[in-house]
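All chains should be modelled from the sequences, with the hints used to inform the complete structure.
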Amino acid sequence: MKLEYRREQLKDGSKTIANIRGDKLRKGTGSSTLCNVRDDKVRRGTGTSTLCNVRNGDIRDGTGTSRKAKVKDVKRMIKGSESLSDVFIAAIWQTFIR
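Counted the way my numbering counts, the sequence shown spans residues 1 to 98.
You may find that some hints are simply not true.
[Said to hold, decoys possible] List time: in silico DSS-like cross-link candidates among lysine-lysine, alpha-carbon distance up to 27 Å:
1) Lys11 x Lys75
2) Lys75 x Lys27
3) Lys15 x Lys79
4) Lys24 x Lys79
5) Lys15 x Lys72
6) Lys27 x Lys72
7) Lys11 x Lys27
8) Lys72 x Lys11
9) Lys79 x Lys11
10) Lys70 x Lys27
11) Lys24 x Lys2
12) Lys68 x Lys79
13) Lys2 x Lys79
14) Lys11 x Lys68
15) Lys27 x Lys15
16) Lys24 x Lys11
17) Lys72 x Lys2
18) Lys11 x Lys70
19) Lys70 x Lys2
20) Lys75 x Lys24
21) Lys79 x Lys27
22) Lys75 x Lys2
23) Lys2 x Lys68
24) Lys27 x Lys68
25) Lys2 x Lys15
26) Lys75 x Lys15
27) Lys24 x Lys68
28) Lys24 x Lys70
29) Lys27 x Lys2
30) Lys24 x Lys72
By construction, these hints were calculated from the structure, which means they are not laboratory data.
None of the values given here were measured: they were computed from a predicted structure.
Here it is as structure tokens:
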């Protein structure tokens with residue numbers, strides 16, 4: 001899987017697999033919410049249950065402190081991700097890469 005971020009869209013080859021609008025990561029080109037981002041936490045759908053959080057450049061599981069990945073390593077996997085915030089990188093990692 002070779003991911004590329006371009007103009008608010010996340011692509012796998014030529015297929016758009018997600019888009020980012022506001023604080024939400026949405027499925028494909030539509031408006032169905034995969035996860036939302038608030039206060040350095042990635043939350044499921046439009047709800048409040050925490051999938052992962054970002055602290056000190058690390059992606060951590062749930063609300064805990066155990067490190068699952070480093071943001072800089074995940075950024076290397078996504079072409080054009082320099083403009084994305086760390087928490088959106090974590091959302092993409094949680095949804096598509098993990």
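query = Among the hints numbered above, which are violated by the structure, and what are their numbers in rising order?
reply = The structure conflicts with no hint, since it agrees with every one listed earlier.
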